[in-house]
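Colleague: From first to last, the protein sequence lines are chains G and F.
What the first sequence shows, in my numbering, is residues 655 to 1175, in sequence order.
What the second sequence shows, in my numbering, is residues 655 to 1175, in sequence order.
Hint data in this document are derived by calculation from the structure and do not stem from the laboratory.
All figures in this text were calculated on a predicted structure; none of them were measured in a lab.
Fair warning: there could be bad hints in the mix.
Heads up, the list lumps identical chains together, so a pair's fine if it works in one copy or across two of them.
[Stated by the list, open to error] The calculated DMTMM-like cross-link candidates involving lysine to aspartate or glutamate, where the alpha carbons are at most 25 Å apart (straight line), are: (1) Lys-1110 to Asp-1166; (2) Lys-828 to Glu-851; (3) Lys-828 to Glu-816; (4) Lys-830 to Glu-816; (5) Lys-1089 to Glu-1014; (6) Lys-753 to Asp-1045; (7) Lys-706 to Glu-851; (8) Lys-935 to Asp-911; (9) Lys-828 to Glu-850; (10) Lys-935 to Asp-717; (11) Lys-1149 to Asp-940; (12) Lys-879 to Glu-1056; (13) Lys-1149 to Asp-1091.
There are 2 protein chains.
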Amino acid sequence: MRYIDFDKTNTYRKLVVHSFDYTTLNAERVRHCVVPMAAGLAYSWAAKPVEKPELDLLQALADEQELIGKYQAILEGETMNTGENRKVLHHLLRGQVGKPVIHEGKNIGAFYRQELDRFSAFADAVQAGNIRGSTGKVLSTVVQIGIGGSDLGPRALYLALENWAAAEGTHHLKAKFISNVDPDDASQVLASCNLEETIFVLVSKSGTTQETLANELFIKDKLTKAGLDPSKHIAAVTSETSPLAHNPAYLDSFYIDDFIGGRYSSTSAVGGVVLSLAFGKAAFQDLLAGAHEADQCALEPDILKNAALLDALIGVWERNVLRLPYTAVLPYSQALSRFPAHLQQLDMESNGKRVNRNGEPISYSTGPVVFGEPGTNGQHSFYQLLHQGTDRVPLQFVGFTESQRGDDVAVDGSVSQTKLKANLIAQIVAFAKGKTDANGNKEFLGTRPSSLIYGKRLTPRVLGALLSHFENKVMFQGLVWNLNSFDQEGVQLGKVLTRKVLSGNSGDSALDAYSELLGIS
Amino acid sequence: MRYIDFDKTNTYRKLVVHSFDYTTLNAERVRHCVVPMAAGLAYSWAAKPVEKPELDLLQALADEQELIGKYQAILEGETMNTGENRKVLHHLLRGQVGKPVIHEGKNIGAFYRQELDRFSAFADAVQAGNIRGSTGKVLSTVVQIGIGGSDLGPRALYLALENWAAAEGTHHLKAKFISNVDPDDASQVLASCNLEETIFVLVSKSGTTQETLANELFIKDKLTKAGLDPSKHIAAVTSETSPLAHNPAYLDSFYIDDFIGGRYSSTSAVGGVVLSLAFGKAAFQDLLAGAHEADQCALEPDILKNAALLDALIGVWERNVLRLPYTAVLPYSQALSRFPAHLQQLDMESNGKRVNRNGEPISYSTGPVVFGEPGTNGQHSFYQLLHQGTDRVPLQFVGFTESQRGDDVAVDGSVSQTKLKANLIAQIVAFAKGKTDANGNKEFLGTRPSSLIYGKRLTPRVLGALLSHFENKVMFQGLVWNLNSFDQEGVQLGKVLTRKVLSGNSGDSALDAYSELLGIS
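Starting from the given sequences, assemble the full structure and let the hints guide the process.
Modeller: Pasting the structure below:
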């Protein structure tokens, strides 16, 4: 396999701006420009500014950068996290795609499967009342304590499935989340819990995350003061080498390893414990099945049959050819209210890099800024800029035929779910085609590119496929750009300086002066 | 007053990129580069790439564009919303800054004051149990139904004050929000409420907002099915000419007028009813007092004494000279978790425009993309790109000396609030100064500009000042760019096309084909 910088490929110099006529967006194009995805989802790229010449170039780029071969190398356990000298095995959490991965004599897939079985049984036992709080009360609330990937992904997935679970009658424990080191975060969540009936899931791969350890002490203090035994109210998710592992201070511990990056950990115990407690083990395993199916779809070399690959390459076109520095994620589903925040981490932490996988500076743009809010809410907010601002922002829409709860009301001849979908469709066309008007203030230039991922209803299986789609999209983009998408050295300097401030001996007069402003004595 | 396009000013051609040495960020600079703000807040611009030559240019720009004079014109009721031929009077909600504004014989300030008095008394009556639900139960929950400015600002402010109110013992009604036309949104919120004890605040200036009317029918249906009288459970906030006004279907109606734009309406009844019900009238009036004080501070012509003006002009420098197309808002306060979403609307809907106040196309960049999440959460997410991505993103930090609840725990020699502040400070310096390293992957270029707004503790008064700061910042930027920051024609095309889709006769084959994909029959 050849790892070369994007601008050293033969295809790179052929990537120049082509004109695209957005008024060609008609029924035939909409019906034709669709790639089937896992779990019944589909990816529509009709409103993206690409036709056969651009797609041929993007296919050539995919082939030249050996994207599918490199994806297979990831699946087979090559050391693709070059900075940290680690394998990248989150796909293996969902199932075996390639051949078994053996590391130092250990079958990693079997290890992941064993942990899945362990926390599935744990969830069963809590839900059945076989594991209870220290005063014998059945546990009704789970509070996840973690930050970054231990928070954003699991929280987004929990919110995405709450309504589904209510409709299906499978909502077991209510989940809450504590992430920030801001003491008001933990204090507020704890004030809303009946501690006797609460189980905490403490999540830190290293077992040394400053925020999470501070919040652990915070809750232990509250549990103790309430006369409860913390060891009966806390389970840990960590690596086997961390101080949280095999520790009698916890009810139980569930393990991941260094081959699971934080932002890729939602399908490990990091997401699995809280989601299994909340919605049952079957729901979480359906989510894994959807993700696994999407992982298999991503092996297809033809970009017109591989949604994650095509989405990635169109994103490269927008970033490096059209030179658009951002992407908006716009799910028309309130359940996906925090999914953009998860994708923001996934994308910006993976590909927000200015050195290649060998640590050498590169001279082309990499990961864009990602932001988004659910529609229709965003329409009444930042869409003004998207329609009529001075810059173009590429858009990624997501929508579903049915609501999750099926509870709806007809007003003016249509139910709310139909209105929601009508708004989504209208936006795609409005962004693409615009509208001329003699009054410049009422004119819309159109030519705003967008894609649409659509499906029947947001279920665990569909959610798993959606999650995996974006993980694989980001992976393919990182491979095009010849990045290591799996480390995050950019978080380190802040940690070092924070410790210096807290030590009282920062060695930097600006830090000292800012400390005075903020009353750090 | 002369209204001219930014690129026609004399100052414009002098605005060229200057070099700036971020290593000059030392104690002296930190202590010197501070502008006092209202309510004890302060604006630190030490880590922004401006010194005397740049500041002289920005002062010249402020003077040439007559920013303070135009702000005074707004205060005095000139027709500054040129597109809709309306005055812009949200400042008047907080108090009289200029002379009284009379419109068609009506004293508008007196009208706003009257409505404030009316909904303050209403909140008192609900809290005292003098207004009750239709079965005689005391009302314990308020659900705001509104979208865009009727949701984002009030929701952000509610979340910002929940912990403060809990600590002060002034948390009366619990508030929830329904915004999206997605039926799962309303269904989920309603399922979490005891309807007998719930009051709804229905907010739509025009009384014709599709989402809000659909949700009104949704809740009325549920109330009726629960055997309750909807007219005893709903209050309206609207304009006097709307179908919701003077309507016996509601407990009461509170009024705003066309001079209050949605994204500027948090300090009107749109935010005032729900916040007064939740936290008491005194808290909301303190918020108004903080905003009023900030409005007065914004009259200062010297940019080094006017934080909103300086913040605006530095933003223009970053946008039009450094050509940076985005801004991140990073509050180190979990209470401000949704404040960035409010600012996203405020900024992007106000200044996401490509025509000037007369509707003529302009050829310079205007409003940036705004996004953000609270620290320290963001550090474990998208900060990777901010530190080590290929593009620079200007940053706006916010932080407080004290937490809101005062409930904290010491770990490793410091409480969580101190850790929170130490992280904030460390980030400012890390972003500015970076770190050299022989390993490119561990190198930080620094040179990332940031500002810091800081204060003692987030109270209603401080929150009002913070809100007004950003409103006035956005206003000043719009005036520099010669925009009308107070209309939003960009939302119209989507509404028109949505109605076409719902009519079943869209007249566009792409709309029809997308309708098929999403199962709209």
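Colleague: Next step is simple, just say for each hint if it's right about the structure.
Modeller: Do the hints match the structure? See the list:
For the homomeric pair Lys-1110 and Asp-1166, the shortest alpha-carbon distance between copies (18 Å) is at most 25 Å, but the shortest distance inside one copy (56 Å) is not. In the homo-oligomer, the alpha carbons of Lys-828 and Glu-851 lie at most 25 Å apart both inside one protomer (11 Å) and across protomers (23 Å), since each shortest distance falls under that limit. In the homo-oligomer, the alpha carbons of Lys-828 and Glu-816 lie at most 25 Å apart both inside one protomer (9 Å) and across protomers (21 Å), since each shortest distance falls under that limit. Both within a single protomer and between protomers do Lys-830 and Glu-816 lie at most 25 Å apart by alpha-carbon distance, with minima of 12 Å and 17 Å respectively.
In this assembly of identical chains, the alpha carbons of Lys-1089 and Glu-1014 lie at most 25 Å apart only when taken from different copies (16 Å versus 46 Å within one copy). In the homo-oligomer, the alpha carbons of Lys-753 and Asp-1045 never lie at most 25 Å apart, since the shortest distance is 46 Å inside one protomer and 39 Å across protomers. Taking identical chains as interchangeable, the C-alpha atoms of Lys-706 and Glu-851 are never at most 25 Å apart, the minima being 59 Å within one chain and 60 Å between chains. For the identical chains of this complex, Lys-935 and Asp-911 are intra-copy neighbours only, at 21 Å inside a copy versus 53 Å across copies, given an alpha-carbon limit of 25 Å.
Taking the shortest alpha-carbon separations for Lys-828 and Glu-850, both the intra-copy value of 14 Å and the inter-copy value of 23 Å come in at or below 25 Å. Taking the shortest alpha-carbon separations for Lys-935 and Asp-717, neither the intra-copy value of 39 Å nor the inter-copy value of 65 Å comes in at or below 25 Å. For the homomeric pair Lys-1149 and Asp-940, neither the shortest alpha-carbon distance inside one copy (37 Å) nor that between copies (37 Å) is at most 25 Å. For the identical chains of this complex, Lys-879 and Glu-1056 are inter-copy neighbours only, at 24 Å across copies versus 47 Å inside a copy, given an alpha-carbon limit of 25 Å.
Proximity of Lys-1149 and Asp-1091 under a CA criterion of 25 Å is satisfied inter-copy only: 16 Å between copies versus 53 Å inside one chain copy.
The structure shown violates the earlier hints numbered 6, 7, 10, 11.
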